[in-house]
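K.L.:
Chains V and D are the protein sequences, given in the same order.
Using my numbering, the letters of the first sequence map in sequence onto residues 1 to 236.
Using my numbering, the letters of the second sequence map in sequence onto residues 1 to 236.
Don't read these hints as lab results, they were simulated from the structure.
Quantities reported herein were computed from a predicted structural model and do not represent experimental measurements.
Quick reminder that beta carbons are idealized off the backbone N, C-alpha and C, glycines included.
Treat each hint with caution, since some may be false.
Unchecked claim - Under 8 Å between C-beta atoms, here's a sample of chain V residues computed to sit facing chain D:
1) Trp126
2) Gly194
3) Arg228
Unchecked claim - Derived Cβ-Cβ restraints for the label pairs, each shown as a range:
4) D:Asp200 x V:Lys213: 44 to 50 Å
5) V:His231 x D:Lys213: 52 to 58 Å
6) V:Pro46 x D:Asp200: 51 to 57 Å
Number of protein chains: 2
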Amino acid sequence: MPETAPLHIAFLLYPDVTQLDLTGPAQVLSRLGNVRLDLVAKTREPVQTDAQFTLLPTASFAEVRRTDILCVPGGFGTVAVMEDAETLAWVRQVADTAQWVTSVCTGSLILAAAGLLTGYRAACHWASREQLTWFGAEPVAERVVFDRNRVSGGGVTAGIDFALALTAAIRGEAHAKFVQLSLEYDPAPPFDSGSPERADAATIARYRAMVDKFAPGRADKVRAIAERLAHAAPPR
Amino acid sequence: MPETAPLHIAFLLYPDVTQLDLTGPAQVLSRLGNVRLDLVAKTREPVQTDAQFTLLPTASFAEVRRTDILCVPGGFGTVAVMEDAETLAWVRQVADTAQWVTSVCTGSLILAAAGLLTGYRAACHWASREQLTWFGAEPVAERVVFDRNRVSGGGVTAGIDFALALTAAIRGEAHAKFVQLSLEYDPAPPFDSGSPERADAATIARYRAMVDKFAPGRADKVRAIAERLAHAAPPR
Chain V
1 MPETAPLHIA FLLYPDVTQL DLTGPAQVLS RLGNVRLDLV AKTREPVQTD
51 AQFTLLPTAS FAEVRRTDIL CVPGGFGTVA VMEDAETLAW VRQVADTAQW
101 VTSVCTGSLI LAAAGLLTGY RAACHWASRE QLTWFGAEPV AERVVFDRNR
151 VSGGGVTAGI DFALALTAAI RGEAHAKFVQ LSLEYDPAPP FDSGSPERAD
201 AATIARYRAM VDKFAPGRAD KVRAIAERLA HAAPPR
Chain D
1 MPETAPLHIA FLLYPDVTQL DLTGPAQVLS RLGNVRLDLV AKTREPVQTD
51 AQFTLLPTAS FAEVRRTDIL CVPGGFGTVA VMEDAETLAW VRQVADTAQW
101 VTSVCTGSLI LAAAGLLTGY RAACHWASRE QLTWFGAEPV AERVVFDRNR
151 VSGGGVTAGI DFALALTAAI RGEAHAKFVQ LSLEYDPAPP FDSGSPERAD
201 AATIARYRAM VDKFAPGRAD KVRAIAERLA HAAPPR
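Assemble the whole structure, with the sequences as input and the hints as a guide.
P.N.:
If you want it as structure tokens, here you go:
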């Protein structure tokens with residue numbers, strides 16, 4: 001590894017996170033070189049993910065007051081976080097001095113609820129993307145979106161593309177290519193159903209029905225959060 | 001979710017696993033429907049991964065004596081597992097009655113050391129793939145390889161392709177497409193450096209130098225394990 005500046009990465013960890021939103025980028029970014037990575041939650045107790053296992057925080061909010069790269073993953077737990085003042089306050093605090101403020105999937109909605117995407121272009125999970133407009137952010141239908149020091153990935157697996165692009169921005173393209181080869185990232189999806197533009201109507205309908213079943217009223221809740229924020233005092 | 005047969009999935013968890021080898025497939029397979037997923041290790045103590053965080057087992061070897069789907073991930077910890085009789089015995093035991101015996105990345109070498117790939121075609125991380133021949137397995141340079149009830153994925157990120165293909169084999173193509181859409185798996189790698197056929201020579205050389213530095217003599221150790229096994233009595 002050539003000499004590189006030390007970096008700290010903080011991933012926000014919260015209940016019902018989509019674990020691959022976090023573990024995909026964590027795999028890539030752990031190979032930045034001279035990097036320390038933390039999974040940060042309210043406490044160090046295990047945090048339940050959406051995939052039937054927990055993740056163990058490496059630090060609590062109180063232990064991480066600054067970071068170089070903040071990364072906020074998404075998941076069904078997003079809405080609860082958007083309503084949680086303690087978590088939003090931590091996100092704002094570390095974002096304030098971070099070099100890079102980033103998100104994957106519906107993690108973008110958490111950044112938006114923290115007031116951190118107002119006036120920024122951002123990616124998000126396709127099914128929630130338009131909700132960014134309620135927070136004054138501009139949704140973009142791309143896998144990876146850079147806007148000044150905000151970097152965001154689309155839904156779940158886009159976190160890998162996002163993290164490789166961020167690696168290139170930080171350590172250069174040659175290093176990103178090295179990480180890509182190490183992870184044999186030469187994807188070959190067995191089907192062509194990974195976006196609403198490519199999936200068939202029945203598959204899209206089935207996805208929307210699943211969300212309605214497991215997270216009823218989700219969009220309404222997000223809209224209500226946005227409306228409350230619009231009438232609230234600025235976050236700091 | 002339509003009525004589907006219940007399934008149990010057991011992921012082998014061990015120190016220095018490449019966590020995305022496990023967490024990628026776990027994300028996909030957790031969406032099989034009517035599924036219970038376990039991360040199984042020697043004990044329930046946290047297990048260090050390669051990415052600066054631990055994974056917490058959901059069960060110990062003693063607690064899981066059967067499974068429907070066994071999945072063995074890879075990583076720098078592979079060689080130690082290949083030398084560990086207790087782990088290999090557990091792998092053999094659960095594989096014996098599993099419907100599907102699977103691996104990702106260098107997890108294929110663990111299955112091979114357990115005697116479970118002799119006479120089978122299998123995928124593996126590109127840099128270790130040829131080592132399968134030492135165990136009587138046939139290496140295949142593909143992202144996903146099915147051979148009877150053995151299913152294997154190539155390096156790290158191939159675990160996502162592998163898990164979608166396995167999802168289709170178990171629950172049908174429509175379900176796999178639904179999971180793919182839910183994970184927005186429409187990959188767009190920012191560079192074309194994900195396989196040794198596509199990466200440039202300097203990148204390949206840098207990868208090999210990294211392995212030599214962090215896992216010196218790795219190939220020699222694997223070969224020695226294979227030679228010992230060739231002289232050993234059959235595993236059962």
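K.L.:
Compare the structure with each hint and give your call.
P.N.:
Going through the hints against the structure:
1. Hint status for V:Trp126 relative to chain D: holds, with the closest Cβ pair at about 6 Å, below 8 Å.
2. The criterion of a C-beta within 8 Å of any C-beta in chain D is met by V:Gly194, whose closest approach is roughly 3 Å, and the hint holds.
3. Using the Cβ-Cβ criterion of 8 Å, the hint placing V:Arg228 at the interface with chain D is not satisfied: the shortest such distance is roughly 28 Å.
4. Between D:Asp200 and V:Lys213 the beta carbon distance is about 48 Å. The supplied range of 44 to 50 Å therefore holds.
5. A hinted range of 52 to 58 Å for the beta carbons of V:His231 and D:Lys213 is consistent with their spacing of about 57 Å.
6. Distance hint check for V:Pro46 and D:Asp200: the Cβ-Cβ separation is about 42 Å, which falls outside the suggested range of 51 to 57 Å.
Violated hints for the displayed structure, listed by number in ascending order: 3, 6.
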